[in-house]
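Protein chains: 2
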Amino acid sequence: MPYAEYQRLTQKAADFNNAAAVLSWDQETYMPPKGFALRGRQLATLASAAHEILTSDRYAELLQVLSKDKSLPEDARINVLRSAEDFEKAHKLSPQFVEALSLQTTVCFEAWMQARETGDFALYEAPLQKMIDLKREQAALYGFENHPYDALLDDYEKGAAVALLDPVFIDLKAALTPIFRKIMAAPQVADAVFSGNFEKEKQLRFTENILRQMGYDFAAGRQDYSEHPFSISFGPEDARITTRADENNLAYMLWSSVHEGGHALYEQGLPPAQYGMPLGAACSLSIHESQSRLWENCVGRGRAFWQFFYPQLQSIFPENLDPYTPNDFFRAANRVAPSFIRTEADELTYHFHVLIRYEIEKDIFSGKLQAKDLPDAWNAAYQKYLGITPPDAKPGVLQDVHWAHGSFGYFPTYSLGSLYAAQFYEQALKDIPGLEAQFAEGNFAALLRWLRENIHQYGRRLTSEELCRRATGSGLSSNAFIRYLENKMALVYPAAFGNS
Amino acid sequence: MPYAEYQRLTQKAADFNNAAAVLSWDQETYMPPKGFALRGRQLATLASAAHEILTSDRYAELLQVLSKDKSLPEDARINVLRSAEDFEKAHKLSPQFVEALSLQTTVCFEAWMQARETGDFALYEAPLQKMIDLKREQAALYGFENHPYDALLDDYEKGAAVALLDPVFIDLKAALTPIFRKIMAAPQVADAVFSGNFEKEKQLRFTENILRQMGYDFAAGRQDYSEHPFSISFGPEDARITTRADENNLAYMLWSSVHEGGHALYEQGLPPAQYGMPLGAACSLSIHESQSRLWENCVGRGRAFWQFFYPQLQSIFPENLDPYTPNDFFRAANRVAPSFIRTEADELTYHFHVLIRYEIEKDIFSGKLQAKDLPDAWNAAYQKYLGITPPDAKPGVLQDVHWAHGSFGYFPTYSLGSLYAAQFYEQALKDIPGLEAQFAEGNFAALLRWLRENIHQYGRRLTSEELCRRATGSGLSSNAFIRYLENKMALVYPAAFGNS
Chain A
8 MPYAEYQRLT QKAADFNNAA AVLSWDQETY MPPKGFALRG RQLATLASAA
58 HEILTSDRYA ELLQVLSKDK SLPEDARINV LRSAEDFEKA HKLSPQFVEA
108 LSLQTTVCFE AWMQARETGD FALYEAPLQK MIDLKREQAA LYGFENHPYD
158 ALLDDYEKGA AVALLDPVFI DLKAALTPIF RKIMAAPQVA DAVFSGNFEK
208 EKQLRFTENI LRQMGYDFAA GRQDYSEHPF SISFGPEDAR ITTRADENNL
258 AYMLWSSVHE GGHALYEQGL PPAQYGMPLG AACSLSIHES QSRLWENCVG
308 RGRAFWQFFY PQLQSIFPEN LDPYTPNDFF RAANRVAPSF IRTEADELTY
358 HFHVLIRYEI EKDIFSGKLQ AKDLPDAWNA AYQKYLGITP PDAKPGVLQD
408 VHWAHGSFGY FPTYSLGSLY AAQFYEQALK DIPGLEAQFA EGNFAALLRW
458 LRENIHQYGR RLTSEELCRR ATGSGLSSNA FIRYLENKMA LVYPAAFGNS
Chain B
8 MPYAEYQRLT QKAADFNNAA AVLSWDQETY MPPKGFALRG RQLATLASAA
58 HEILTSDRYA ELLQVLSKDK SLPEDARINV LRSAEDFEKA HKLSPQFVEA
108 LSLQTTVCFE AWMQARETGD FALYEAPLQK MIDLKREQAA LYGFENHPYD
158 ALLDDYEKGA AVALLDPVFI DLKAALTPIF RKIMAAPQVA DAVFSGNFEK
208 EKQLRFTENI LRQMGYDFAA GRQDYSEHPF SISFGPEDAR ITTRADENNL
258 AYMLWSSVHE GGHALYEQGL PPAQYGMPLG AACSLSIHES QSRLWENCVG
308 RGRAFWQFFY PQLQSIFPEN LDPYTPNDFF RAANRVAPSF IRTEADELTY
358 HFHVLIRYEI EKDIFSGKLQ AKDLPDAWNA AYQKYLGITP PDAKPGVLQD
408 VHWAHGSFGY FPTYSLGSLY AAQFYEQALK DIPGLEAQFA EGNFAALLRW
458 LRENIHQYGR RLTSEELCRR ATGSGLSSNA FIRYLENKMA LVYPAAFGNS
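Protein chains in written order, with this note's numbering: chain A, 8 to 507; chain B, 8 to 507.
Isolated chain A (complex conformation) (with noise of 0.2 Å):
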């Protein structure tokens, strides 16, 4: 039986990808600090581990047989195709330089993370050098046609290259500028309603209570702190997140759970009968990034949303929001300005930050950019998009994990989750009526539904674009982000928009 057998090897690829996580989860919420340095071989066997199988000959002799194979039922098809066309990929890269890759990406999270502490770049410099040069090599391996950035990106997002993503930047530039400058002209939200005293367990409790009124599943995750929210999932019977809180600033732990709430809960809805397999894993980084914003922006920074939680979050904090009513707390939550901190960024200034590190990561691997060059590329592109320049590289060029991860070409994926999102969000809003009477009700079940069927449940059997064309009827597009955000921003700031 060759599926049984192609089965039984992906599954044990998974099963060391999914240690990794475990591993990965581990370094990153409770690992001492000393743990580092075995952690990094560690993990650097399990990925060789999974790669070896992943680009065997007998797992190519397989998949080459099954590929062939017609009486194969359409799962099993679209399992054999998805892998076949990984393989493709990944058997371009020696077990070798993958385990070079693994423990230089340990190396250099460490540094990363010493740098962050002390603000000091420097720290940082040579082992993301180190990581450019291999990310470079593994662009030259994968092979391209027009940019090696292509090439990384491809790894994130199947299909995307420079050119299909300069157009898509550059409309949607064009379109948040005049809405960004009407905002800026127009009076400022005010947002104290997040500063004050917030005790930390307690905003741990509510974010916990929103997230399994979500409808996540803690019996099947669970949500603990670290540097850097991240979701990360070792099956859908497993998908956890992490938050960070700030005791004086009610904002971050909200929407970081919210976000990575939506992540956890596309790993929750993936169909378990197909674990490790591509039927069990989720369609791409960019819809899997749709979902978490799907959540945090549609709806976690909706008005019907705090139309219930508001007045839950109200009896929590008194001190703080009983001067503040519901609507206050959305415009807040909404307000538009220059920030340094992409993470915290609003949803329209969020686009700006992704386009500064597409067009540094562009650079880098044009050979434009060094290691050494990032503070001052990076500071004078905040002053030239969005007009500020950061103090220190602590709120700059050293406040993402991505680079010291190696996920060079990941950040695109970003925007245009929020993209697919809109366009999900939209159509749910006509396929389910009264959605977000139900939300203003705390009841999220209808949404969650719809996202499972339509969503969640695929795996990997649609592609990105074929997902969203089934889904919503028609294709990427930013007309649904652009028409949500003006909808929306008319509410946040109605003398702007001429609705006063």
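Hints are computed from structural coordinates only; laboratory data are not their basis. A virtual CB, placed ideally from N, CA and C, is assigned to each residue, including glycine. Please note that the accuracy of each hint is not assured.
Claimed, not checked - Now the stretches of chain A that chain B is said to cover, found in silico as 3 or more residues with beta-carbon under 8 Å: (1) 11-25; (2) 226-237; (3) 241-252.
Chain B: place on chain A using the hints.
Relative to chain A, chain B alone:
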């Protein structure tokens, strides 16, 4: 370079085993309940990956070549020797068998957790019987001369066998019985000092303080809660412990932490340069246990220890502890009384708990007992040796995790650990003048140095017996333990020993 290749393979197997250890740690501390099913297969994959390497033809070949290589330096020679011994044992199990055993461990552990929660042994019976059948198969695969149990005992203590252990337990029973009788006839020591209301978080902080003072490096480890306290190591730079707390009884967490801390100090003291190699691993389970027991009993239940720590503890829980003196506390900490739970037993009756498990395990593997018979056999043995019968299975046959883990043959090492601990401690007292006076000042550095030099640094260089001879001048014997126990009991029960 065959040695370099041998080392690479050995350390790669260690990576898989240490990764599995991280997954196990997570499973028993933070994993959400639905995570069990997939965690089981992930652990099985890791176990079989390690096993595959260590039983591979290439590994066999390397060991054969290296065993004959007279030019190897001594360290390398010993690593090869120990690996060859392990190989001989491990290659008797097929990868399929190892995977089946690992899978069953997860199933059985989960069933044990559920049974323990409800006290219903029936939930555990079938998985346990399947585990017993697998262990019986394992004994047959290992082979044995006299008793199937010998094959399993040897897994935990090289060379241990019924013919060797029966006399040890008979001697121990003979020596302990009269001491026990004298104590039972004397006025009982009060232990009300442990009862009251002790906030968990404060207990945890206090035990962390003790651990730090003992020399445990929190930058290379951590302490968490778990159902059953354990220590686990992923390398000398990440050696963790768990503990459990009872708000109404101070004793649970105190001695769990010191005990597991003793284990972890051993792991932290192994040479990091020998990571994953026999010289980087603990000598044996009994020597491991000697370290936990030396710290828990000889040190942590000693008078000098509490001269230092009792005033601190008193200042944390003044309402509860103000009425008591350090000597009250010391005596209560060494109170002898029959009880149901092994891990809470005093130093004397503890060995009856072990004896009971030893005899039951012998009977399981001689075919006299099945899983279904265990609750009755258990209760009968407790009545016979300790004069008490557990009210139900929870404080009875369900109390230990060992059988759920398939660790039959493990329990006897606990008693051997006590005997070695007493021998080492007697020697350390001779070698370090004023040792206990140092304890009374909170200074444990000289003791830890003695243990590092005489025990930890050796890894698996010596057998338990050789290590004991080198450190103390004589081999395993119960004499030191009996001397130690009589001395202490004379202080705890002066009336019984004529020194009142």
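Hint by hint, here is what the structure shows:
Residues of the stretch 11-25 of chain A with a Cβ under 8 Å from some Cβ of chain B number 5, which satisfies the need for three, so the listed coverage holds. Check result for the stretch 226-237 of chain A against chain B: holds, 5 residues qualifying (beta carbon to beta carbon below 8 Å, three or more required). Counting residues of the stretch 241-252 of chain A whose CB falls under 8 Å from any CB of chain B gives 5; the rule of at least 3 is met.
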